[in-house]
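Given next are the chains, with one letter for each unit.
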Amino acid sequence: MKVAVYWGCVIPTIQYAYELSVREVLPKLGVELVDLNDVSCCGVPLRSVNTFASLYLAARNLAIVEKTGLNDLLVLCNGCHLSFSEALHFLKNDTKLRQKIDALLVDEGLQLKGSLQIWHLVDLLHDSIKKEVIKKSVKKPLNGLKFASQYGCHIIRPSRLGRVDDPENPRKLDELIEWLGAKTVEYPEKLDCCGALLLLSHPDAALTFAGLKMKAIQNLEVDGLIDACPSCHMMFDMRQKSSGATVGAKLNLPVLYYTQLLGIAMGIEEEKLGLHLNRSPVDELLQKTR
Amino acid sequence: MTEEVSSVLDLMTTKRPDSKLRLQVVNKIGEHKPYNCYQCIKCTSGCPAMKMLEIKPHEIVGLVRLGFVEDVINSGIIWACAMCLKCKERCPQEVAPVDLILALRNLAIEREVKVPESHLQSVSMILETGFVQKPMETVTRKLEKVNRDKLGLPKFREASEKFKSVFMKALEGA
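Residue numbers (the working numbering), protein chains in the order written: chain A, 1 to 290; chain B, 1001 to 1174.
If you're looking for bench data, these hints aren't it; they were derived computationally from the structure.
Mixed in with the good hints, there may be bad ones.
Stated by the list, open to error - Label-pair restraints from in silico Cβ distances:
1. Glu1031/B <-> Gly30/A: 36 to 42 Å
2. Gly69/A <-> Lys1015/B: 56 to 62 Å
3. Met1136/B <-> Met1/A: 29 to 35 Å
4. Asp107/A <-> Glu1128/B: 16 to 22 Å
5. Lys1164/B <-> Glu271/A: 33 to 39 Å
Claimed, not checked - Covered by chain A, according to a simulated footprint, are these stretches of chain B (three or more residues, beta-carbon under 8 Å):
6. 1049-1055
7. 1098-1107
8. 1123-1132
Quick caveat, the model's predicted, so the values are computed rather than measured.
Cβ coordinates follow ideal geometry from the N, Cα and C atoms, glycine included.
Using the sequences and the accompanying hints, generate a full structural model.
Right, dumping it as structure tokens:
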């Protein structure tokens, strides 16, 4: 399977562990990644400022992907995935908006047909690569380990747009973890937001969101938290210390991208998966998997 | 629903609603109009930002529905939303308070009401490079400095000059 890959802003500028592990793991599952030229921000950071410009950015990126002739687009960031899905929905239902956007696209020799299949990491692995292939790729099963999952709001809501998993009871990421031999837990705070989008205006509240969720997860006595969104990961991994300080909790929770966990189970070297870049205390967990 | 509420008067402040401004906001959102709200408060009861920042989505919808748009924008409460989309998912009337909040933020910026500066910074970064930030140096857990190059990642590709001029047009609303 050949897919165009859209990295967005956060992954290729700071969340290198996600990019490294995706580039390492997916080709081993038969997914050929095609990098894109001249793409830009997905539009999400502009939604609050100028919705029209934000939709234009989304449409422009999609038109660039269509130009490559590929039918499948892999979007690794939850925010970007929502932005693209929303733009397609708005453009389908609003002819006036469509005409304005089309006119701008023509300036760059672009045209949007709206024909792409948009994937996120979670549904690409769960629904397209599927259980059998993933299970077969496991060389070191993660037996005896137990994880909590973090989906991130924007791949499960709003369901009317067609999202990656169920809005109130998502299970796909949990199943992906279970296919590696580990166990998962259900917990009341599972759907809670990481707070990332409040960082700009209310940083203390954002850190409280993340801190309270991690505190709850830590009490479950799991071996770690598994996510697949760069914004959530920034809150739980990079900002774990400050989140803990904000809610008065001593946090000691290993946080890994799903692709890092999958890579470990595949027997791939830790550095190739960017596991030296995680800021959360992952060493003890890595020890258990060696 | 246009003029019939203009006779409403806020007895505490003697303010009158502004139906023109209300129309301006409502035109900014798609199919999820605030008129269908019957104040069941399902949005607010599930709102994670309400617990910390006292934002009440049902009140925002209610105030806009009545036409008190300016008060909502000036209060600054619209910047307390975490964009988790639970309100949009759960509203039995398909109202989508989060979409309304985004429309109000757009309007606040158009009217040059005081807004969190950092929201505007991303615009200039996108104009410069196409993205909200440039690749940064980071450190490993052993405090070794690394960047894309050292990690063996391909060169970061910025957007073209042509993009910047079209993006300017888009910002002006084309």
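Here's how the hints hold up against the structure:
1. In this structure, Glu1031/B and Gly30/A meet the distance hint of 36 to 42 Å, their C-beta atoms being roughly 40 Å apart.
2. Roughly 57 Å separates the CB atoms of Gly69/A and Lys1015/B, a value that falls within the hinted 56 to 62 Å.
3. Taking 29 to 35 Å as the suggested C-beta distance range, the pair Met1136/B and Met1/A conforms, at roughly 32 Å.
4. A C-beta distance of roughly 19 Å is found between Asp107/A and Glu1128/B, which places it inside the suggested range of 16 to 22 Å.
5. Between Lys1164/B and Glu271/A the CB atoms are about 37 Å apart, so this pair conforms to the stated range of 33 to 39 Å.
6. With 3 residues carrying a beta carbon less than 8 Å from a beta carbon of chain A, the stretch 1049-1055 of chain B meets the three-residue requirement, and the given coverage holds.
7. Proximity of the stretch 1098-1107 of chain B to chain A, defined as three or more residues with a beta carbon under 8 Å from a beta carbon of that chain, is established by the 4 residues found.
8. Counting residues of the stretch 1123-1132 of chain B whose C-beta lies closer than 8 Å to any C-beta of chain A gives 5; at least three are required, and the coverage claim holds.
The structure agrees with every numbered hint stated previously.
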